[in-house]
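Construct all of the structure, not just a fragment, from the sequences and the given hints.
Going line by line, the protein sequences match chains A and B.
Under our numbering, the first residue of the first sequence carries the number 1, and numbering increases by one thereafter.
Under our numbering, the first residue of the second sequence carries the number 1, and numbering increases by one thereafter.
Take every hint as true, because none was put in to throw you off.
In silico lysine-lysine, BS3-like type, Cα no more than 25 Å apart, as pairs:
id, chain 1, residue 1, chain 2, residue 2
1, A, Lys-82, B, Lys-106
2, B, Lys-106, B, Lys-70
3, B, Lys-12, A, Lys-24
To give a feel for the contact side, a few chain A residues facing chain B, derived at Cβ under 8 Å:
id, residue
4, Ser-153
5, Val-154
6, Thr-156
7, Thr-205
8, Pro-207
9, Ile-217
One-sided and incomplete, this derived list gives chain A residues near chain B with beta-carbon spacing under 7 Å:
id, residue
10, Gly-57
11, Asp-186
12, Leu-206
These are calculated hints, taken from the structure and not from any lab test.
Here a beta-carbon is modelled for each residue, glycine too, at the ideal position from N, C-alpha and C.
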Amino acid sequence: MSAPSKALAEFVAEATEILEALGKDLLVLDERRGQEADPDRVNGIFRAAHSLKGLAGLFGQERISRLAHGTEDLLDRLRLGKLHLNDAVLDTLIEALDAFQALLAETARGTETDGLTRRADGMAERLGHLGEAPVARDEDPLDRLELEAQVRSVFTEYEEHRLRENVRKGVSMWRVRAAFDLSDFDKGLADLNTRLKPLGEVISTLPSAQPGGAHGIAFDLIFGTQVSVPELESGLKGTPAELARLAVRPATTRSAEALVRATESPAIVLGTLGVGSAPEASTGTSPPASRGVRAATDGGTHQPLFPLASDPSDTEQGETGASGQDSEPDGEPAPSTKGPSLVTYLQGPGGRAPALAATPSGASQAGAGAASALAEPSLRSLTQTVRVDIGKLDGLINMVGELLLIKASLQRLAESARQEGVVPLSKLFGQELARETRGLERKLEALQEGLLEARMVPVGQVFDKLARLVRRITREAGKEIDFVIGGGEVELDKLIVEELSDPLMHLIRNAIDHGVESPDTRLAAGKPRRAVVSLRAEQKGNHVVIQVSDDGAGIDELRVREVALTRGLITRAQAEEMGRRELLNLIFLPGFSTARSVSELSGRGVGLDVVKNNLGNLSGIIDVWSERGKGTAFHLTLPVTLAIIRALVVGVSARTYAVPLNSVLEILSVQPREIRTMERREVLDVRGQTLPFVRLSRLFGLPERPVSRYFVVVVGLAQERLGIAVDELFGQQDIVTKPLGGRLQSVRGISGATDLGNRRPVLVLDVAALLEEGLALERRRA
Amino acid sequence: MRVKVLIVEDSKASREYIASTVEAVEGIEAVVTSSGFEALKLLPRHRFELIITDINMPDINGLELINFVKKNPNYRDVPLFIITTEGREQDRDRGLALGAAEYLVKPFKPGSLEGLLRRYLKLP
Numbered sequence: 001m002s003a004p005s006k007a008l009a010e011f012v013a014e015a016t017e018i019l020e021a022l023g024k025d026l027l028v029l030d031e032r033r034g035q036e037a038d039p040d041r042v043n044g045i046f047r048a049a050h051s052l053k054g055l056a057g058l059f060g061q062e063r064i065s066r067l068a069h070g071t072e073d074l075l076d077r078l079r080l081g082k083l084h085l086n087d088a089v090l091d092t093l094i095e096a097l098d099a100f101q102a103l104l105a106e107t108a109r110g111t112e113t114d115g116l117t118r119r120a121d122g123m124a125e126r127l128g129h130l131g132e133a134p135v136a137r138d139e140d141p142l143d144r145l146e147l148e149a150q151v152r153s154v155f156t157e158y159e160e161h162r163l164r165e166n167v168r169k170g171v172s173m174w175r176v177r178a179a180f181d182l183s184d185f186d187k188g189l190a191d192l193n194t195r196l197k198p199l200g201e202v203i204s205t206l207p208s209a210q211p212g213g214a215h216g217i218a219f220d221l222i223f224g225t226q227v228s229v230p231e232l233e234s235g236l237k238g239t240p241a242e243l244a245r246l247a248v249r250p251a252t253t254r255s256a257e258a259l260v261r262a263t264e265s266p267a268i269v270l271g272t273l274g275v276g277s278a279p280e281a282s283t284g285t286s287p288p289a290s291r292g293v294r295a296a297t298d299g300g301t302h303q304p305l306f307p308l309a310s311d312p313s314d315t316e317q318g319e320t321g322a323s324g325q326d327s328e329p330d331g332e333p334a335p336s337t338k339g340p341s342l343v344t345y346l347q348g349p350g351g352r353a354p355a356l357a358a359t360p361s362g363a364s365q366a367g368a369g370a371a372s373a374l375a376e377p378s379l380r381s382l383t384q385t386v387r388v389d390i391g392k393l394d395g396l397i398n399m400v401g402e403l404l405l406i407k408a409s410l411q412r413l414a415e416s417a418r419q420e421g422v423v424p425l426s427k428l429f430g431q432e433l434a435r436e437t438r439g440l441e442r443k444l445e446a447l448q449e450g451l452l453e454a455r456m457v458p459v460g461q462v463f464d465k466l467a468r469l470v471r472r473i474t475r476e477a478g479k480e481i482d483f484v485i486g487g488g489e490v491e492l493d494k495l496i497v498e499e500l501s502d503p504l505m506h507l508i509r510n511a512i513d514h515g516v517e518s519p520d521t522r523l524a525a526g527k528p529r530r531a532v533v534s535l536r537a538e539q540k541g542n543h544v545v546i547q548v549s550d551d552g553a554g555i556d557e558l559r560v561r562e563v564a565l566t567r568g569l570i571t572r573a574q575a576e577e578m579g580r581r582e583l584l585n586l587i588f589l590p591g592f593s594t595a596r597s598v599s600e601l602s603g604r605g606v607g608l609d610v611v612k613n614n615l616g617n618l619s620g621i622i623d624v625w626s627e628r629g630k631g632t633a634f635h636l637t638l639p640v641t642l643a644i645i646r647a648l649v650v651g652v653s654a655r656t657y658a659v660p661l662n663s664v665l666e667i668l669s670v671q672p673r674e675i676r677t678m679e680r681r682e683v684l685d686v687r688g689q690t691l692p693f694v695r696l697s698r699l700f701g702l703p704e705r706p707v708s709r710y711f712v713v714v715v716g717l718a719q720e721r722l723g724i725a726v727d728e729l730f731g732q733q734d735i736v737t738k739p740l741g742g743r744l745q746s747v748r749g750i751s752g753a754t755d756l757g758n759r760r761p762v763l764v765l766d767v768a769a770l771l772e773e774g775l776a777l778e779r780r781r782a
Numbered sequence: 001m002r003v004k005v006l007i008v009e010d011s012k013a014s015r016e017y018i019a020s021t022v023e024a025v026e027g028i029e030a031v032v033t034s035s036g037f038e039a040l041k042l043l044p045r046h047r048f049e050l051i052i053t054d055i056n057m058p059d060i061n062g063l064e065l066i067n068f069v070k071k072n073p074n075y076r077d078v079p080l081f082i083i084t085t086e087g088r089e090q091d092r093d094r095g096l097a098l099g100a101a102e103y104l105v106k107p108f109k110p111g112s113l114e115g116l117l118r119r120y121l122k123l124p
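Here it is in structure tokens:
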């Protein structure tokens with residue numbers, strides 16, 4: 001990949017940020033389908049599309065700009081109420097987001113494919129034609145609101161629309177006036193907004209042109225709310241806000257009826273007639289006009305107390321007209337017909353062992369797999385940027401400041417040592433130097449920790465992206481699934497989070513395609529119609545465990561055994577001795593899946609060995625649990641960070657190695673006679689348990705030296721344990737692992753090299769690979 | 001001495017584009033801000049010869065800013081340009097009705113803004 005220019009990188013970073021925000025908001029709308037969308041959210045999405053259009057235009061990204069234009073246009077109609085947000089519209093927006101991501105990915109790579117251009121332009125076209133013109137309303141509800149023309153003239157089209165919607169729904173309208181000091185009015189307004197927001201909708205914030213004192217400024221907030229006056233007043237207690245109700249003339253009779261039904265509170269309707277005390281009458285509490293409440297008609301506007309005769313405009317009709325679109329067929333293409341699923345994940349008792357049947361017809365599915373690969377972009381983000389909380393950065397800067405102080409003290413000490421020579425160096429001097437060095441060490445540690453923390457991002461970033469795709473995959477697969485996310489706040493190194501998205505996608509896709517049964521099968525099995533697929537993260541010490549689980553058919557371990565036997569992965573004798581857990585873990589063996597070539601990109605039918613390898617590269621390990629008829633769960637155990645790790649430095653045959661300390665469970669001292677051989681394989685008995693045991697020297701083919709006792713480093717990840725025999729222990733040290741280059745890359749059991757400070761490179765053991773090696777050894781020898 | 005021009009625009013990319021266009025004209029110093037609130041705070045602290053504002057912004061909208069400026073005796077003579085987009089004709093018309101001097105439709109060429117700046121600021 002060629003390095004994109006700086007300007008392009010800047011564009012990609014900013015566009016990514018915008019798309020992320022857009023995706024988050026879309027997800028919320030998606031989750032709350034059927035409910036009325038929060039106008040602020042729709043407006044936020046509109047703004048995102050608007051910014052994206054501007055950004056793309058500036059950087060000459062025509063394709064993105066065109067699509068953004070179409071999207072913005074659609075969203076504009078949505079937020080202005082010219083279009084109803086139904087499933088078709090929402091689906092198209094989600095599709096557009098996918099297209100944006102694909103376009104941006106191409107931009108980042110510096111490529112431009114015709115297929116995608118056509119797709120994006122077709123989509124922009126579709127966005128323009130989506131939806132139908134709303135039913136015209138005869139009476140503009142806004143005309144019923146008593147508001148000076150002057151005030152109305154500063155509303156944007158959008159604000160006017162929101163005002164209209166509020167009036168139409170019979171929400172009572174208020175003018176909230178507040179004066180602040182010019183220096184910090186934004187804080188005061190922010191506070192006011194936080195209090196108002198839960199009670200209703202702030203439609204506009206108008207700075208008053210009349211100066212509120214020498215250094216003051218007054219604002220009028222136009223606010224719509226359904227809460228009662230006392231509630232509103234208590235919500236604003238302690239703020240400088242003054243309330244004034246804006247009178248609303250009643251609508252024509254039929255609309256008024258609709259209004260009553262809509263609000264289910266006749267009191268509000270009375271209130272809009274200008275009888276200020278009506279809402280209180282309904283709650284029976286405080287008297288009207290207390291604390292600054294006054295009629296907004298002070299300005300001299302007249303308040304009619306009877307309905308105006310005008311054309312009967314039935315607001316309800318307009319609504320049904322718009323919501324009629326709900327029944328329209330989906331904008332999405334119909335789910336593609338899929339061939340029998342390839343092996344990766346065997347179906348439970350209900351499944352007809354597609355695994356065995358699939359082999360010869362593999363080629364015909366290759367096409368389908370490739371097609372879905374096109375449609376599904378990688379979830380990896382396109383930028384290397386990490387957004388860091390400013391507080392964290394401030395902390396780091398403070399630490400650097402403290403380090404500079406220590407540097408100054410050390411300099412002073414050095415200076416005095418230089419001037420006084422070696423002889424008079426007192427004990428006191430030594431003590432002072434030692435103290436400063438300790439301080440330096442502590443501060444450096446804190447700085448290191450802080451920097452590591454700055455690399456941490458919540459794993460939820462990936463979860464959110466996955467959630468968006470899950471819905472689509474679910475529909476394609478014809479399943480009904482509730483996708484549950486938990487622990488999104490757990491933090492992991494940015495690098496790990498990035499690398500996680502693809503393996504997680506694979507696992508979730510497998511769960512949806514192969515794990516979860518069809519609704520009918522589920523009902524027949526006495527399970528709820530809707531399946532649950534969940535994705536949860538949890539921090540456990542230095543590790544994070546991510547669980548992908550489903551309540552589907554589970555994996556039939558007997559079928560796994562059959563497949564493994566057919567493919568020659570295990571011998572019949574080995575199979576006889578395998579427990580359930582071992583059998584299940586066979587699904588991770590390379591060659592177990594036949595589908596590798598088809599879909600390494602798409603995630604459909606991907607070999608789980610690929611997933612396992614991906615995780616191995618992150619020093620992680622994967623484990624599977626499954627119960628027939630109950631479901632399947634994959635546990636991914638990952639280190640919190642890869643950047644700097646604490647390692648145990650050990651010696652074997654005069655060579656030095658580093659073992660990542662986060663996987664070291666304990667260290668034993670073992671006499672050679674304690675090692676026993678079980679089925680031609682060395683094991684140790686530790687507290688009544690048999691521990692597989694390897695001599696590092698033998699594993700790496702080093703000359704063995706006779707020793708009177710071994711140190712056994714017991715390492716473990718997830719549930720696997722292994723004892724590694726070494727000659728010497730040198731202690732603990734922080735190391736930065738660097739990848740091995742060239743030919744050394746493929747050396748099993750080594751994850752990289754590090755420098756221990758004496759300029760001698762030391763190899764770092766790959767514990768996950770060694771565990772596997774140990775287990776494989778066990779299998780081979782058995 | 002250079003004259004100061006206030007640019008109020010919440011989109012970063014746009015803001016920088018406008019600022020660089022404005023600064024390219026000799027004799028002008030651009031003061032930029034991303035929000036109407038900030039603009040309200042900046043107004044009493046500087047003497048601006050011209051204001052360029054977006055309409056759709058998150059805190060107060062551009063029309064409200066125009067109204068504020070045009071009603072305030074201290075600022076009412078400062079010419080105001082609106083930055084608007086295609087399809088936002090109603091907002092644009094309101095801005096002009098409130099007293100904005102000119103409008104520019106995004107994406108506009110640097111030359112068109114430059115010409116307006118020279119004209120209103122009486123620069124050579």
